[in-house]
Each structure stands twice: as structure tokens, then as C-alpha cells.
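Colleague: Taking the hints into account, I'd like the entire structure generated from these sequences.
Heads up: the sequence shown at position 159 corresponds to 204 in our numbering, and the numbers run straight through without jumps.
Calculated directly from the structure, the hints in this document are not laboratory data.
Be aware that one or more of the hints could be misleading.
Straight-line alpha carbon distances no greater than 35 Å define the calculated DSBU-like cross-link-like pairs of lysine-lysine that follow [unchecked claim]:
| no. | residue 1 | residue 2 |
| --- | --- | --- |
| 1 | Lys95 | Lys207 |
| 2 | Lys165 | Lys150 |
| 3 | Lys202 | Lys187 |
| 4 | Lys65 | Lys165 |
| 5 | Lys154 | Lys98 |
| 6 | Lys98 | Lys65 |
| 7 | Lys142 | Lys84 |
Here are the computed distance ranges between Cβ atoms for each label pair [unchecked claim]:
| no. | residue 1 | residue 2 | range |
| --- | --- | --- | --- |
| 8 | Leu193 | Gln121 | 33 to 39 Å |
| 9 | Leu193 | Gly90 | 19 to 25 Å |
| 10 | Thr133 | Ser111 | 17 to 23 Å |
| 11 | Lys98 | Gly129 | 31 to 37 Å |
| 12 | Ser131 | Tyr169 | 30 to 36 Å |
| 13 | Val191 | Lys98 | 28 to 34 Å |
| 14 | Arg74 | Lys142 | 39 to 45 Å |
| 15 | Thr171 | Ser131 | 22 to 28 Å |
| 16 | Thr124 | Thr85 | 33 to 39 Å |
| 17 | Arg77 | Ser156 | 17 to 23 Å |
| 18 | Thr171 | Lys95 | 22 to 28 Å |
All values derive from a computational prediction rather than experimental measurement.
Even glycine gets a Cβ: it sits at the ideal position worked out from N, Cα and C.
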Amino acid sequence: MACKPDVKETTGQYKYFDLKGFINADSTRLNRSNPTVNKTVNHNGASETKNVKIANWGHELSLFASSDINKPSWRQSYTINTAGDSTTYKAITPDLKTRELTVAKTGDKVSCIRIVNHIKNMLYETREVLTYLPDSVYTIDKTQHVILLGNNRYIIKGKFVK
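Modeller: Structure follows, in C-alpha cells:
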């Protein structure tokens, strides 16, 4: 079944894709299967890579879950564009943290999630690009500019070891 703009996701109670529900369910699945992940953490160009077992997938993927766009007050806040097996939700107003959410599916199965978050205020500006390909790889690319402290860039990449 292809995605259609007015199709309600999962339990039928949401206008947009239930990102939080999907991430929570996938975190539970990953906690059970306990895969090894080749994880690279890069902070301002200095990186470290090691194979790890993630103790709490809910915590590991929390930035994804917190990018959910299904708050009742946001029901008219995103445009929906479907092209093929991909649906993109774009924020209509610039004050929303989650600027864009793209969900690609292969059949009924989510194959890729890409999120663009942006926060700007008088003290700092943060931009996050989050990508998740279930059972393959996830990346968190976060750039932050803090007044008086300067710039920071964090890139976290986790590849599932087969």
C-alpha cells in the first residue's frame, strides 16, 4: 500500500507518520536482538571508532523520537508531499524545531528516515540532520553555534555489524 497524504499512520490517531511510535518499537526490537554496532563519534574533526553493544536503544535513538511531529497543535503545521514510496513532511512556519521529515518505505516496511531539525534563538543556533536506515546505519550530524563559545560539530555514525 503506497503512502497517501491523508492516510493516518499506525493506529489511525495521527495525521503524520508516527515517528515516536516507530522509533520506540524499533528500540524495543533492537534491545531484544542486541546487535553489534561499529560506532564512530566525531567531535570537531577528532574521531573515535569502536564496536559496541548499545545498552539502551531508546536512549541511543532519542533524538529521532523527539523529532516526532504529531502534537495536536501542529496538525496544520506541515505540508505533505508523496513521491513514489517516499513521503516528506515540511514545516510551514520557521519556528518549529523539526523542519523536515522524510520517510521512505519498501512495501509496508520503513527503509529510511531522514530528519532536519533547526533551532535558533538569541543564545545559540543548532542544526541536526538525522538519518536512520533500520538494521543498516544511523547518523546524527549536529552543528551548534553558541554565542561567546563558538562552533561545535558532532557526527555520530553507527553501522550495524552483520
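Colleague: Could you run down the list of hints and mark each one as holding or not?
Modeller: Hints and how they fare:
no.	hint	result
1	Lys95 <-> Lys207	holds, 15 Å
2	Lys165 <-> Lys150	holds, 31 Å
3	Lys202 <-> Lys187	holds, 11 Å
4	Lys65 <-> Lys165	holds, 23 Å
5	Lys154 <-> Lys98	holds, 25 Å
6	Lys98 <-> Lys65	holds, 22 Å
7	Lys142 <-> Lys84	holds, 26 Å
8	Leu193 <-> Gln121: 33 to 39 Å	holds, 38 Å
9	Leu193 <-> Gly90: 19 to 25 Å	holds, 21 Å
10	Thr133 <-> Ser111: 17 to 23 Å	holds, 19 Å
11	Lys98 <-> Gly129: 31 to 37 Å	holds, 36 Å
12	Ser131 <-> Tyr169: 30 to 36 Å	holds, 32 Å
13	Val191 <-> Lys98: 28 to 34 Å	holds, 33 Å
14	Arg74 <-> Lys142: 39 to 45 Å	violated, 26 Å
15	Thr171 <-> Ser131: 22 to 28 Å	holds, 26 Å
16	Thr124 <-> Thr85: 33 to 39 Å	holds, 34 Å
17	Arg77 <-> Ser156: 17 to 23 Å	holds, 21 Å
18	Thr171 <-> Lys95: 22 to 28 Å	holds, 26 Å
Of the numbered hints listed earlier, the single one contradicted by the structure is hint 14.
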